[in-house]
Amino acid sequence: MTTVLAGYVLALADDALVAAQRMGEWIARAPQIEEDVALGNIALDLLGQARSLLTYAGSLHTPVRTEDDLAYLRDEHEFRNVHLVERPNGDFGVAMARLLVLSTYQCELYDRLRTSTDPTLAAVAAKAVKEVDYHRDHATQWVLRLGDGTEESRHRMQAALDAEWPFVAELFDGSYVDAALLGAGAAVDPGGLRPAFDHRIAGVVAEATLTLPDVGPAAGGGRRGEHTEAMAPLLDELQGVARAHPGATW
Amino acid sequence: MVESEPGRREWPLYEVFVRARRGLSHVHVGSLHAPDPEMALRNARDLYTRRQEGVSLWVVEAALITASSPQEKDAFFEPAADKIYRHPTFYDVPDGVEHL
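Which chain is which? The protein sequence lines are Y and F, in order. Under the working numbering, the first residue of the first sequence is numbered 1, with each subsequent residue one higher. Under the working numbering, the first residue of the second sequence is numbered 1, with each subsequent residue one higher.
Among the clues, some could well be false.
What the hints assert, rightly or not - With a cut-off of at most 20 Å between alpha-carbon atoms, the simulated SDA-like pairs for lysine to any residue come out as follows:
1. Y:127 to F:52
2. Y:130 to F:35
3. Y:130 to Y:244
4. Y:130 to F:42
5. Y:127 to F:50
6. Y:130 to F:93
7. Y:130 to F:47
8. Y:130 to Y:115
9. Y:130 to F:23
10. Y:130 to F:53
11. Y:130 to Y:197
12. Y:127 to Y:201
13. Y:130 to Y:76
14. Y:130 to Y:43
Stated by the list, open to error - Examples of chain F residues toward chain Y, derived with CB under 10 Å:
15. 11
16. 36
17. 50
18. 51
19. 53
20. 62
It is worth saying that the hints were derived from the structure and are not from the lab. The beta carbon of each residue, even a glycine, is placed where N, CA and C say it ideally should be.
All chains, full assembly: derive it from the sequences and hints.
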């Protein structure tokens, strides 16, 4: 039970950690300095969630592994994040499309996880749900403005949504969640979040005068440790310093 | 940010006012750029209330503020200088009045 719980927590942690790393790449590259700060805040919120979850996942190991062990010393095939969060950054429209998808999923996930029978997961979720609700608002505001904006912004926002959409399905594939965890009420079946997600996204897309993409799902496999070619360079940057100087402290 | 990129419109400047607690006035804390008032409010939240500085935020587009002119400040403000009767200094505060 402890091992399957650790695996579940790790999946949630890695989504947040890798999303934070990608979001952090936006700092100093956003359209305005105000947006740099907003995206930096969002990245730090995600990093905070990742730290809590990694610490918890590490505590379930024997011997105990620290958050740094898990973030910096695991190899690519040991990461359990979905492909959506590891994809390279595109233009600002892509960033907002991806954030809208991720934060809408996380809103539903953390909202359900607040009532988890696992007290640590419930506590992390209770704090995180307010953060991701703000992320969703931020992404929504931009999707509305870019979608219902100029011809150029509308075209690029639609292209961004189309590009990210094949990676949505993997978020809701619950095959990685052990049945015992669901039975015990510790974990949330992500498949059950899909109707609420679809409802919310459809509302934003319609208000933004965009079209919901009609594309099939990508192959997936992130929950099994199979990643895209974008993952190795991301981990190089994330882990480079920690691996070059093992055990170094500030 | 490229200042002179053709076809690129600069976002307008907004002035930000924060109310620190209930009962206090909104106080000007700075300014920021945003594409519209709704986004200005969100940027203000990120820039000026990171450390729980406030319970309420106002944003006002800077161009909408009518301000006194620095050149006219003498004519504008100096006539008040010798009108000491405008200051409440000609009576004693009775003992026991605490909240004046």
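How the hints compare with the structure:
1. Y:127 to F:52: holds (16 Å)
2. Y:130 to F:35: violated (25 Å)
3. Y:130 to Y:244: violated (36 Å)
4. Y:130 to F:42: holds (15 Å)
5. Y:127 to F:50: Distance ~16 Å between residue 127 (chain Y) and residue 50 (chain F) Cα, so the pair holds.
6. Y:130 to F:93: violated (50 Å)
7. Y:130 to F:47: holds (18 Å)
8. Y:130 to Y:115: holds (15 Å)
9. Y:130 to F:23: violated (27 Å)
10. Y:130 to F:53: Satisfied, since the Cα-Cα distance of roughly 18 Å is no more than 20 Å.
11. Y:130 to Y:197: Answer holds: residue 130 (chain Y) to residue 197 (chain Y) is near 17 Å, not above 20 Å.
12. Y:127 to Y:201: violated (23 Å)
13. Y:130 to Y:76: With a Cα-Cα distance of about 30 Å, the restraint between residue 130 (chain Y) and residue 76 (chain Y) is violated, given a limit of 20 Å.
14. Y:130 to Y:43: Cα-Cα ~14 Å, so holds.
15. 11: holds (6 Å)
16. 36: holds (8 Å)
17. 50: At about 8 Å, which falls below the 10 Å cut-off, the nearest Cβ of chain Y leaves the hint on residue 50 (chain F) intact, so it holds.
18. 51: violated (12 Å)
19. 53: violated (15 Å)
20. 62: Hint on residue 62 (chain F): violated, closest Cβ of chain Y at ~14 Å, above 10 Å.
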